[in-house]
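**Student:** As a plain string of letters, each chain reads:
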Amino acid sequence: ETGVTQTPRHLVMGMTNKKSLKCEQHLGHNAMYWYKQSAKKPLELMFVYSLEERVENNSVPSRFSPECPNSSHLFLHLHTLQPEDSALYLCASSQEVGSGEGGYTFGSGTRLTVV
Amino acid sequence: AQKITQTQPGMFVQEKEAVTLDCTYDTSDPSYGLFWYKQPSSGEMIFLIYQGSYDQQNATEGRYSLNFQKARKSANLVISASQLGDSAMYFCAMREAWRNQGGKLIFGQGTELSVKP
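Residue numbers (our numbering), protein chains in the order written: chain A, 1 to 115; chain B, 116 to 232.
Next comes chain A alone, as it looks inside the complex (with noise of 0.2 Å):
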């Protein structure tokens, strides 16, 4: 049972849906991070929140569009996507942003397909 726990695991949306996905982590952690995991890629960051403040956006498309309403929580919300948004969009956690040794615990992921 992973620390951090990632609903839907499976989301099938059409390009004019909105969605959102939820990311909750009951670890402690200050920082929170959204990753996209496209095929025969490395993992992309896309977001990171620490303290529930954003510190980071990787120049991601508004159509992604990130909330974290306190530092268990952080959210995902998604409209208007296209095709090449489908992937296995990924949520961790860490103690801080930019600790030391300290690794990410992931989820298990929300694999997104864009119909």
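Hints are all accurate, no fakes.
Computed footprint of chain B on chain A, listed as stretches where at least three residues anywhere in the stretch have a Cβ under 8 Å from a Cβ of chain B:
# : stretch
1 : 38–44
2 : 81–93
3 : 105–111
Derived by calculation from the structure, the hints in this document are not laboratory data.
Don't be surprised by glycine CBs; every beta carbon is placed ideally from N, CA and C.
Could you slot chain B onto chain A? The hints should help.
**Tutor:** This is chain B only, laid out in the frame that chain A set:
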């Protein structure tokens, strides 16, 4: 510029044998951390092992060891006594100091390991 390079898209190993997965990295930061993660078909990224740039000894965690060669900027993962359950994608990652990359974890392309019975 590519920060983390994994040159082996796929590897095969016989069950019970050892296997080495290659990873090279590029950084000018004297302080950094190196990580290996395993990703089975379920999708979850599982942390395996960590090596700090100032660590004098190679990291070990059970059947996993990290062959850290700082001068060559390589951090190869060695899995001893391979098991069928080791079949998965393996990712090497690096975390530089906050002032350079915001402490972000940057991943390589991954190596798909298949263990044969």
